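Produce the complete structure using the sequences and hints provided.
Protein chains: 2
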Amino acid sequence: MKMETTSSQSGQAAANEAHASPKALAALFTPQSIAIIGATEKEGAVGRTVVENLQIIQFHGPIYPVNPKRDTILGLKAYPSIGAIGQPVDVAVIITPPKTVPSVMSECVNARVKFAIVISAGFKEAGPAGLELEQQVVNEARRGGVRFIGPNCLGVVNMHANVNASFAPSIPPAGKISVISQSGALCVAILDWATSCGLGLSKVVSFGNKADLNEVDFLRAFAEDPDTNVVAAYLESITEGDRFLEVAEEIASVKPVVVLKVGVTQAGAKAASSHTGSLAGADMAYWAAFKRSGVIRAEDFEALFDYALAFATQPLPKGNRLAIVTNAGGPGIMAADAAELSGLRLLPPKDSTRDKLRQVLPPTAATGNPIDVIGDAEPDRYINTLKLIQDDENIDGILVVVTPQNMTAPLELAKQLHATHNRKRPLLTAFMGGKEIIQAKDFLMQVGIPNYPSPTRAVAAFKAMSDYAAWRVRPPRVVTRFPVNRRRVDRVIQWQMRSDIQQVGEVEAKEILRAYDFNVLDGFLARTPGEAVDAAERIGYPVVLKISSPDIIHKSDFGGVRINLANAEQVRDAFDLMMLRVQRRAPKAFIRGAFVEKMGSKGREVILGMTRDPQFGPMLMFGLGGIFVEVMKDVTFYLAPITATEAMQMLKGTRSYALLQGARGQAPVDLDAIASALQRISQLATDYPQIMELDINPFIVGEVGTEAYVADARMTLAKLHA
Amino acid sequence: MKMETTSSQSGQAAANEAHASPKALAALFTPQSIAIIGATEKEGAVGRTVVENLQIIQFHGPIYPVNPKRDTILGLKAYPSIGAIGQPVDVAVIITPPKTVPSVMSECVNARVKFAIVISAGFKEAGPAGLELEQQVVNEARRGGVRFIGPNCLGVVNMHANVNASFAPSIPPAGKISVISQSGALCVAILDWATSCGLGLSKVVSFGNKADLNEVDFLRAFAEDPDTNVVAAYLESITEGDRFLEVAEEIASVKPVVVLKVGVTQAGAKAASSHTGSLAGADMAYWAAFKRSGVIRAEDFEALFDYALAFATQPLPKGNRLAIVTNAGGPGIMAADAAELSGLRLLPPKDSTRDKLRQVLPPTAATGNPIDVIGDAEPDRYINTLKLIQDDENIDGILVVVTPQNMTAPLELAKQLHATHNRKRPLLTAFMGGKEIIQAKDFLMQVGIPNYPSPTRAVAAFKAMSDYAAWRVRPPRVVTRFPVNRRRVDRVIQWQMRSDIQQVGEVEAKEILRAYDFNVLDGFLARTPGEAVDAAERIGYPVVLKISSPDIIHKSDFGGVRINLANAEQVRDAFDLMMLRVQRRAPKAFIRGAFVEKMGSKGREVILGMTRDPQFGPMLMFGLGGIFVEVMKDVTFYLAPITATEAMQMLKGTRSYALLQGARGQAPVDLDAIASALQRISQLATDYPQIMELDINPFIVGEVGTEAYVADARMTLAKLHA
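These protein sequence lines are chains A and B, in that order.
Plus 5 on top of the position in the first sequence (first one is 1) and you've got the working numbering.
Plus 5 on top of the position in the second sequence (first one is 1) and you've got the working numbering.
Simulated from the structure, these hints should not be mistaken for laboratory data.
There could be a bad hint or two in this list.
Identical chains share a label here; the pair holds if one copy fits it or two copies do between them.
Unchecked claim - Below, simulated DSS-like cross-link-like pairs (lysine-lysine); rule was C-alpha separation at most 30 Å, straight line: (1) Lys-638 - Lys-296; (2) Lys-429 - Lys-355; (3) Lys-560 - Lys-260; (4) Lys-82 - Lys-323; (5) Lys-47 - Lys-420.
If you're wondering where the values come from, they're calculated on a predicted model, not measured in any experiment.
Below is the structure:
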């Protein structure tokens with residue numbers, strides 16, 4: 006077996022060709038003609054609603070209802086089959102009973118339809134028979150190169166091209182936010198809600214079971230779409246983790262992608278699997294993937310559109326310093342609380358700005374942050390303040406909080422805010438109240454100033470903006486490659502795999518790590534007390550004795566670890582006692598012998614690990630040893646490969662980081678040694694996809710100048726013929 | 006100085022007499038007549054708005070505008086002064102310039118006005134001169150027994166008695182939620198918002214600077230008010246912590262109190278102090294106070310009314326098991342995620358219920374939890390499900406999630422839900438969308454089924470309900486009193502206070518703790534090496550030597566701790582060396598000598614502490630020693646006096662609790678010993694209000710059967726003439 010470098014980026018080009026290129030999706034979103042297979046006049050039927058929707062939105066191309074039993078449908082000529090149309094069909098919407106869909110798809114192929122939207126349900130989500138049926142549909146489509154959405158979906162809407170190829174009744178105004186949703190029902194609710202509050206949307210796709218086209222295809226398409234400047238995505242699962250990472254990072258580099266990923270808890274994931282037939286990925290891996298690829302994660306449904314709205318309408322901030330302007334103390338404090346809790350900074354304006362503010366505001370006003378223009382403020386006080394602070398260098402974004410007081414004139418204020426804002430920094434508002442502010446709210450939505458019902462939600466939106474802006478200017482990711490000895494690793498892994506042993510024990514794991522330049526204490530395997538003493542004499546006392554068995558993972562639980570053995574007699578006694586005890590406690594374990602190792606110096610115990618996520622591949626873990634991982638769950642996860650900066654972020658991401666820096670009068674530990682170790686694990690995991698799991702537990706690290714070392718390690722390999 | 010038991014409950018009766026009794030506030034909320042001092046016809050003036058508001062709401066008693074320059078105002082006879090009215094006045098609204106308010110208040114006193122509402126601003130919030138003016142107003146009012154709201158407030162609204170003695174323009178329908186707000190501006194926004202969404206309110210009070218009547222007075226009034234079944238409060242500070250605790254617990258025992266307390270962060274608190282002139286209390290103390298008194302804390306503005314609405318309309322649940330019914334998988338998962346994250350339980354219905362559900366739902370429906378009635382559900386499927394689960398013993402509350410699909414018929418569904426719900430368990434809904442659900446939403450508001458724009462917010466409301474319900478059935482709080490030797494404590498404290506020494510050093514602190522039955526290792530103060538050796542011989546080797554000085558708190562930083570001294574020579578050497586080093590490092594410190602103590606057994610280090618919050622009095626702290634407190638900030642706070650149950654909750658409230666239970670193969674420590682120690686500190690802090698701070702750091706606790714002991718302790722006393 007020859008080993009080749011396999012990074013998460015390699016081999017993508019070939020894979021991508023199997024997918025629709027962005028331009029190729031053009032005919033799906035802006036079709037010249039649409040057929041509806043399963044069209045009907047029956048009241049309340051989806052096959053009627055889709056035809057009506059296309060009529061209502063005034064789709065400008067021909068609409069071809071297909072129904073063998075009818076001559077016309079809703080005033081349109083009906084066709085007995087897709088083949089009978091005799092004209093080019095860009096999109097065929099399929100709404101026939103599930104069993105008929107494979108043959109309908111076959112007919113679409115023969116009729117050279119470009120795209121199909123399979124609205125019909127009763128496939129993967131309905132159990133094994135449905136899955137089988139879905140596979141038949143895929144096979145038919147692949148045969149003729151028809152790409153399709155669904156099955157079990159709502160359809161596609163494009164507000165910019167008069168397309169409503171869905172059974173959603175409400176269509177919002179045209180805007181710049183494109184939406185993808187794994188739930189059709191949610192999509193209906195989103196469209197309806199956007200319509201009622203006047204939120205402009207661009208393209209809306211419900212992709213259902215995503216048997217063919219999936220989230221990645223749409224993200225790619227939206228990256229190049231001039232009508233889309235933000236993507237809001239509702240996801241229950243991600244189908245192709247590696248492509249998602251690549252494409253998401255690509256699009257996030259040009260426009261924001263906000264994702265609501267549900268199924269984060271056990272209960273949620275259970276509901277997901279019973280619902281969509283898709284297993285929800287581990288939430289940790291999703292966090293890591295989103296962090297890597299610059300995807301903004303929304304915590305809940307409201308946040309999804311709160312954030313999307315801010316991104317769609319406002320320039321990105323250059324930093325995380327928010328200025329709060331308010332006419333009411335209380336809501337100002339709410340905003341300040343939320344800002345501070347989320348890690349934003351609240352600086353007062355520059356002194357020169359404050360001097361000017363004092364001239365335009367009454368003496369009782371506060372000119373720090375929040376800036377309180379006082380309850381009797383007419384619009385001019387807000388406007389004078391905005392004029393002064395919108396160029397202030399202490400400020401990256403502005404939140405205007407408004408309660409409807411006697412002098413407030415909310416609509417007039419909204420208009421003047423819009424007229425005054427120079428758009429150098431993002432402007433968000435929280436007009437609070439009901440009918441007094443409704444006109445202002447509508448106006449703000451129209452002109453693209455994001456307004457929120459509470460200061461807290463506005464602050465969260467600015468936080469999302471500043472996080473994303475920071476990601477956008479991140480330094481280029483340069484993954485260091487360390488010189489390593491792959492031949493040695495190959496040898497160990499080949500031996501293990503030939504023997505079909507998945508568990509890599511301490512001895513072999515250390516052998517592999519040594520080849521990746523880890524410092525591993527000298528040690529030898531001893532099969533007899535005599536060999537153990539010989540080994541100890543060679544190494545020098547004191548030594549440690551550890552059981553070596555592929556069947557025993559938690560050595561100390563079986564009496565399989567003895568430390569600080571100072572002479573030959575102690576080594577001999579320890580060896581005999583260990584074999585006696587281990588054989589008694591684990592009679593079936595295969596015992597190779599005992600590993601004799603130099604007694605290491607003391608230091609801080611940390612745990613370095615790697616696990617391979619089914620979606621996103623190798624994921625690295627870092628945590629402080631012992632209770633910090635086991636009790637406090639104080640760990641960070643990053644996807645491999647990591648950079649030096651990311652390795653250091655993994656350390657800083659733990660709550661216990663201060664301990665590494667030397668809390669309580671202790672000297673700081675060698676942080677670079679840990680960061681370097683994480684990078685080398687990253688390289689190992691990328692180089693050897695056979696390694697499914699890896700644990701260095703503990704990795705001992707002392708002060709700068711001492712040598713950090715692997716005290717214990719184990720790995721798990723993939724099954725050869727799984 | 007004679008020491009008497011001083012619990013937080015004692016001495017309240019006398020204090021309360023100074024405050025308005027609940028019934029006495031009747032004339033404020035349902036006045037027979039109202040005078041407006043500072044009434045005017047000037048457009049936009051508050052003095053005009055208040056008169057108009059009373060006219061618009063059709064106040065049924067006489068309205069007396071007071072303005073010496075006018076004969077009539079807005080068609081009403083105007084009076085030159087309050088005294089000139091010649092009729093009984095229940096409420097006088099004062100809107101005159103701040104400087105005139107003391108004399109106006111004096112006139113109110115002379116005219117035997119019962120209550121005043123001082124809307125005028127320019128008092129405490131405007132600086133020292135304003136504070137002085139405010140005090141004059143208070144003095145005038147006290148002189149004649151006039152109770153008043155404000156200054157710097159919006160006024161009072163009572164929807165049930167046609168009273169709008171405020172300048173708020175929007176008046177919502179009459180309902181059962183009473184609102185108190187420290188921010189007038191927020192109050193306006195609340196009234197406006199409630200009006201526009203049809204949320205019924207009862208009494209709304211903006212109390213501004215609360216120079217006289219404050220939140221506690223209103224809570225007491227609302228406790229007995231049949232028109233109030235929930236209180237929603239917006240607070241920036243609490244004026245009388247001990248009364249608040251008592252009254253809040255009293256009212257929370259009969260009806261829920263939801264509080265949005267802002268100023269939780271440094272930035273927020275700074276804004277609070279500059280805004281209202283009131284210092285925001287430490288947030289930890291507020292958390293502890295709310296937990297103790299059963300107050301439900303809302304995390305943000307939307308949560309305040311989300312929770313209030315649920316409480317106002319639905320029965321309390323008996324537990325925390327939520328059933329989710331949905332017609333869409335995605336929003337069902339959102340609800341499940343939110344429920345699990347917040348600690349609610351999601352059980353499937355009983356088997357017998359599930360069998361019946363299968364009969365009324367299609368085969369593809371899910372009958373676990375969430376129950377998915379599938380997108381094509383007409384109302385009957387929801388209704389059949391509700392009928393079956395609303396008596397299920399596995400379920401404490403029901404959340405119905407609805408997306409507007411083809412067959413949904415949201416309004417019809419809402420009507421049938423209302424008709425079907427037997428009100429044995431709370432029913433909450435999340436109808437998602439816009440115009441498709443607007444009628445359903447309005448209907449649900451009218452009939453009192455709380456509806457939320459997202460499943461997440463509905464789940465949070467149910468969580469608040471189940472937490473409050475659990476508090477309502479809490480066992481009675483019985484505070485154990487331990488037999489102690491107060492005479493010994495008196496002696497130490499009297500000596501300290503006579504010497505005007507606030508810092509109580511280790512020796513004296515241990516003396517006090519010993520009197521409260523703490524196990525303290527034997528030890529003696531030695532002033533010479535010879536005395537130290539004598540002491541060591543009496544105690545028995547090995548011993549510990551610690552510097553004794555009121556000026557040195559962190560002993561080990563000054564070389565002031567030596568442990569494990571095994572013989573006379575070591576003790577003598579250690580003593581000399583310690584004196585040498587300490588004198589060199591802290592030349593100005595007063596050195597009493599060295600404390601010779603038995604070397605204690607090993608065990609887990611924990612920290613027990615007490616600090617006295619300015620609002621809420623003694624607050625106990627618990628945390629695991631060392632890094633857990635210092636780095637991980639893993640501590641819990643409870644207000645004294647605590648019960649045995651609460652002491653145990655303090656332990657369980659830390660993230661590191663598992664360590665005490667014996668994680669990683671270690672034996673569990675003696676939890677009761679810690680709980681008992683916390684209770685005895687609680688008693689000490691209650692008995693001796695002179696003790697401002699106390700730290701037992703560390704308290705060493707081993708396995709059950711060993712004796713936990715105080716290894717080090719210190720206290721701080723109040724200044725005698727502070």
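How the hints compare with the structure:
1. Lys-638 - Lys-296: both (20 Å within a copy, 26 Å between copies)
2. Lys-429 - Lys-355: Within one copy only: 17 Å inside a chain, 59 Å across chains, cut-off 30 Å.
3. Lys-560 - Lys-260: For Lys-560 and Lys-260, neither the intra-copy (51 Å) nor the inter-copy (57 Å) Cα distance is at most 30 Å.
4. Lys-82 - Lys-323: Neither, since 57 Å and 61 Å both go past 30 Å.
5. Lys-47 - Lys-420: between (48 Å within a copy, 27 Å between copies)
Hint compliance for this structure: hints 3 and 4 are not met, and every other hint is.
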